[in-house]
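Chemist: In case you want the letters, here they are:
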Amino acid sequence: MSFLRSLSLNSVGQRVAGSRGANGDSQSKPPRYSAGGLFVKGARNQPWPRVWREVPLQKSYDVVIVGGGVHGLACAYYLATNHGITNVAVLDKAYLGSGGSGRNTAIVRSNYLTPEGVAFYDRSLTLYNTMSVDLNLNVMFSERGHMTLAHTDGALRTMRWRAEVNKLQDIDSSVIDPQEVKKLAPSLDVSDHARYPILGALYHPPGGTIRHDAVVWGYARGADHRGVEMHQKTEVLDILVEGGEGRDGKGAGGKVTGVRTNRGDISAPIVVNCTAGWATLISDMAGVKLPISTRPLQAAVTEPVKVFLPTVVVSGSLHVYVSQTDRGELVFGASVDPFNTYNIRGSLEFTEELAGHVLELMPGISRMRLLRQWSGLCDMTPDYSPVMGFTPVDGFLCDVGWGTYGFKAGPVSGEQMAETIATGQTAKLIEPFKLSRFATGELVGEKGAAAVGH
Amino acid sequence: MTANRLPAQPGEYIDRSKPISFTWNGEPIQGFEGDTIASALTANGVRVVARSMKYHRPRGYLTNDFWDPNSFVQVGDDPNVRSAHRLAEANMAVEAQNVWPSLERDIRAANGLVSRFLTAGFYYKTFIKPQRLWPAYAKVLSTFAPGGTVDLDTPHRYHDKRYAHPDVVVAGGGPAGMAAALAAADEGASVMLVEHGHQLGGHLLWGDVNDRMLADELRSRVESHDGIEVLLDSTVTGRYDDNWTAIVQRSHPIAVERLIKARAKMLVVAAGLIERPYVFAGNDKPGVMTSGAVRRFVNMYAARPGTRAVVFTSNDDGDAAAEDLARVGIELARVVDARTGGNIVAAKGGAKSVEGVELADGSTVDCDLLVTAVGWTAPTSLLNMSGDRPVYDELAARFFPSRDIDTVLTTGGMAGDGSHEELVAHATATGRLAAGRAAVTTHRLQAATARAAAVSGAEPAWPSDDRSALPRHPQRELFRSTTHGIVDYSEDVGSKDLVAAAKEGYDSVELLKRYTTATMGPSQGKLETVNTVAVLAEARGETIEEVGTTVWRPPYAPITLGALGGRVFEPVRVSSIQPWHEANGVTTILAGQWIRPEHYGDPAAEVRNTRENVGITDVTPLGKLDLQGPDVPKLLSQLYTNKWMKLGVGNVRYGIMCAEDGVVLDDGVTGRLGDEHYLMTTTSSGAGAIWEWAENWLQTEHPEWQVHVTPVTTGFTSINVAGPKSRELVSRLVDDVDLSPEAFAYMQVRTGTVAGVPNCFMWRIGFTGELSFELHVPSGHGLHVWESLLEAGADLGVKAFGLEAQRIMRLEKGHFIVGQDTDGLTKAPSTGMGALIKLDKDDFAGKPELEWALQDQSLPHVVAIQTTDPRIVPEEASQIVRAGTNEILGRITSSRMSPTLNRSICLGQVAPEVAAAGSELTVVLTTGERITARVMEHHAHFDPEGERLRG
Amino acid sequence: MLLVPCPNCGPRNASDLRYVGEAGPRPDPNTATEAEWRSYLYIEDNPAGLLRETWYCRAGCRRYFVAERDTTSNEFVNSPLPGNKIGGKA
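Protein chains in written order, with numbering that gives the first Met the number 0: chain U, 0 to 453; chain B, 0 to 950; chain C, 0 to 89.
Pulled out of the complex, with its shape left as it was, chain U reads as follows (with noise of 0.2 Å):
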């Protein structure tokens, strides 16, 4: 753990003698993207420089992150934005934010059912309301209100039950009468008719959308100009590891001394899983089992119409949730597919079920069309919260098992995980979700009173 420490008091060093990336090349102050900026480029036919640099890869660094998602980049960025860790590389086997942060629907909130997890995705949404200016680039943050209907007095229960945990921790949440959706969305059905008439909802107003790509690029950005190299097209196809009690020396009490890529080895004595999709396949190099099964989650989107729907709705007995873009496109999402697999070209009976259950929700929008459908991968756990911290092998930390729910975290995931790589010490927001709950029966409450969560 000294050995962390030490790596932090160098790269303050070197932070402050001018930004030094592991190619040993300086890094000139970027230009900041500004409305001014873009009239004089503009004006001056001038290219904007590379949002991150293209560079050689190295042969070793101090920490190498695999996965080049948003989890991944944060981490990336927040280790050396406050920690002056910068000898650090983020490996990814294809383009960066091309897994699970390319292809969420880009809702954020905070309106948790436990105190932690509360704590947690709230320190996210606060990181989300201010990253536009921290990371200079606009990622449209769109507060525009998250709401959760409740069909059965279950539900209603459930939804009272996270509206009162979110008040005793000053969260805005509270359930809303059907009179109030209404006012809020009228394009619902609140009537009787319905099959499943609505009975209420939970509504959360610091809830709302996100431009999921744009905070990649943001993270990615920002780590760029701190020295972090991005390697694109660098698939991890072994970690190594010594002395461990497993097969080929891997697992429980080893060490990790690097990763093998498709472009060479790479040493470094930390080695950080931020994928999601191939989590356990990436574990599985180091020897450790996860409690993660990978399902695809599908989502679709509509041809644009001018905007009707103000904020966004969640269903969770009727296993939807869909909000409307700026462009004026409905993006819809339901539940991961039924069974494991890897393979994402999506069915049909997933817009089938979507498309009968959004027109129970609001009948009007018969008429608009399906333009596209795509899913990713997630990683599911026994009880709806992630894998993040430290694992049996020495050296090889996990932030996965993300499931449904993986973009909102990301911002707090990239600043706790810096923090525990830096210190060595579980950050205290991620203790709940260590690895080893699953071995001591300790599973977190948000298993309590599962739904469709967006």
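Some hints could be false.
[As the list claims (entries may be wrong)] Calculated lysine-lysine pairs in the DSS-like style (CA-CA distance at most 30 Å, straight line):
(1) U:K232 x U:K58
(2) U:K40 x B:K124
(3) U:K92 x B:K502
(4) U:K58 x U:K92
(5) B:K502 x U:K40
(6) U:K181 x B:K138
(7) B:K53 x U:K305
(8) B:K351 x U:K305
By construction, these hints were calculated from the structure, which means they are not laboratory data.
Note that this is a predicted model, so its numbers are computed, not measured.
On the provided structure of chain U, position chains B and C as indicated by the hints.
Modeler: Okay, now just chains B and C, sitting in the frame of chain U:
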């Protein structure tokens, strides 16, 4: 005849004997039956039909087909109608979309003045500070959102769905599709031929006399073939696992739009080719269009798209377009041939129309119609969906399938080029191959079903693909001229934007697409994907093959939510007594699929009457499983935490079931009706799940146990008769069972005749805490028994009570409800039922976890709670906190005002440190006010010794 | 819509069945350690490749069976598998 209507053309599809008129932005338009909206507008001289998304530039028809990005109009309450595909109808009210105040004078065109600053993705670089203004900026940006207006009061019209099991689905009704369908049907296969357009024929429809002859011949053979079902104005819009094919049928006599789900044994993709636009300066001016667009206007609809044309050609189709124009008297100002080195550089003129074109040789030619023919894009969506990654061929300048998978075959333009004879021959071989493979699949499916009638013969060999490949005609690679132009018309993304984005680091196809939004608009990438890839390849100095392409995602053609949703079949369940409930002022509540009586006007009165006299309640949804066999006690011991091996006949026991993690799954009573006959009850929401749970243990862990499980939840109408006078009431209807307390004790079960109905089960149990008899009556007689009880007990004061009264009474007795007072993490010891966990049993579900849980001092407890102020009824889910803090120690799970005790009563879950009887609690009401409450000694608030029950 | 090979009903639409999960042995409840029992409860193999899994033919014959499927292509291999004692947590 309108200004731009040509004289009769030999292949025209309009019927000049049937004129139609409609309006365009309020102005009258004359057309004919057979016109599309686009052809009628063009024949009436309309050039500008839309404004582009970002810069609001005037736009005219570009491709004049389903994919035309400039063709979206609003027709009545229908937004985003593709006017180059939709047939004109009398009295349509057609309007331009996304314009203000009008199509002619759209003020947002001012964006164009600052376009050099508003490059793709400009919003990421700005609107950053001050942050609090972002919502205002977003609102402004949203008014620029493209697309029409959806009328939220649109009635939900009829949409139906259909299942089909054809041997072969052919996607595409051009010459290849028709030939393949005929060949397959001739081999005896059942064929569905799905054509996007309004007629069969594909590209032959706007061709020359030979093309039309071939089209007529194939069409008449197809239409007279019994083995081919033709679907027009329909598209195969998705291919999913195991050839589950989605077909959207747009023209249907009754349904607005219909989804057909076809499990095709073989899919033949003959979707043809889509013409690519050319990228150059001014390429989005009205009057610039593809060769196919022109030929369709002129040959199919006799509509004149211009008066003086320049044609930029690089292939036969461009040449044919020039000939067609000359034939109908449109002046051909110049034919520029790329094959001899010619090129066009820029379209000149005002915003509303092209007026001339600058050529590569430096000259400028005046024209009001600029036609391009620069090559084709293969719409490989269905192949992508089948798992193929198409491969780029430089010679033909387009993508081809890399290989055909076993059950998906390609033919027609997507497979290659060739003469009519060559195309038809390849398609015929394809159809024959498809039929052969479908026959083998049929054989396999029949043989795979264990109980199918014996399948005759051995499985035939899977026919191998021996088709000779179609030739590929060379096509010059023409994606972008020497200037920059629009690449994605519906997103207003130009090649300049793509190059700038690539330079900025968004230099893989997926990043570029996400940053600029190119290919993400309503034309779904059909027209712009290849040009985007080509521009990126150029910017990176790589080949198209190296750059790759984005994955085409379903649906191939858009489909309405109504068609996808169809009619949602969500049955409701009601008991046989429902007619009585409805006739007697019931307020119902939805519980899962069941509609249940919640109360009949005054639940508190119902409680009082039941405790003073007698009440009856309909509890039919209670889960019921009939268990028979010598090993039933073993099953019960495995599922429940307590012991069941020695339950005597006629006796009943209560039990809790846990999952393997020790979490409470369900609870209920099980009674032994006979030597090898038991009846298990479960919670109503658990009925289905517990049946599957029992079957799981029997089938997978203990197949040696002989037990038959039959769900009888709906087979019996269940009526609970409760109250001090319940025995008196039941005895008036039952003769063959001794109901006296000595003969029929608490927690026992009997079989007998009630109100003349034999084979009823009678239990003495009691959720309500009153003396009660629960009657299970064969459902057909449920209403009769219910009414008999009411009649026989009139003098006893019998009244119906509903779910709410029952909930109040069970709460008065402290009975917890699984899923309300327990949750997804509550282990059995928390419920206070630790005594029911018998660890000396050999095995039962969750045993190890329960053993560890019994030793775990940190688990929460379910306790009974009473507020200090008896008038306050805390809302369920109110939190319990440590006094003076916000630290959560538990919550209220059930809460009611008790009519029996005249004070509020609750159950809740609390941390062990405050679970002891007498502990003081701080409850946070939903108003924020904090009150005190106390943990009670027993779960039951009323009659904790259960004297009334055991009477 | 995936076709799932039910041993009795033949290949059926996946919506006719319920996916139960990875098939694997149930430890002896009397001798299992906490780690072993919880591994059975929570740890998954989750391979990108062949997976033995349990399905329940909900809308048809109502039998549980084990199949082997390639989780990258969704193709069933040698399925359904014979035998009944398969464990699993339903």
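Chemist: Any hints this thing doesn't respect? Which numbers, in order?
Modeler: The structure conflicts with no hint, since it agrees with every one listed earlier.
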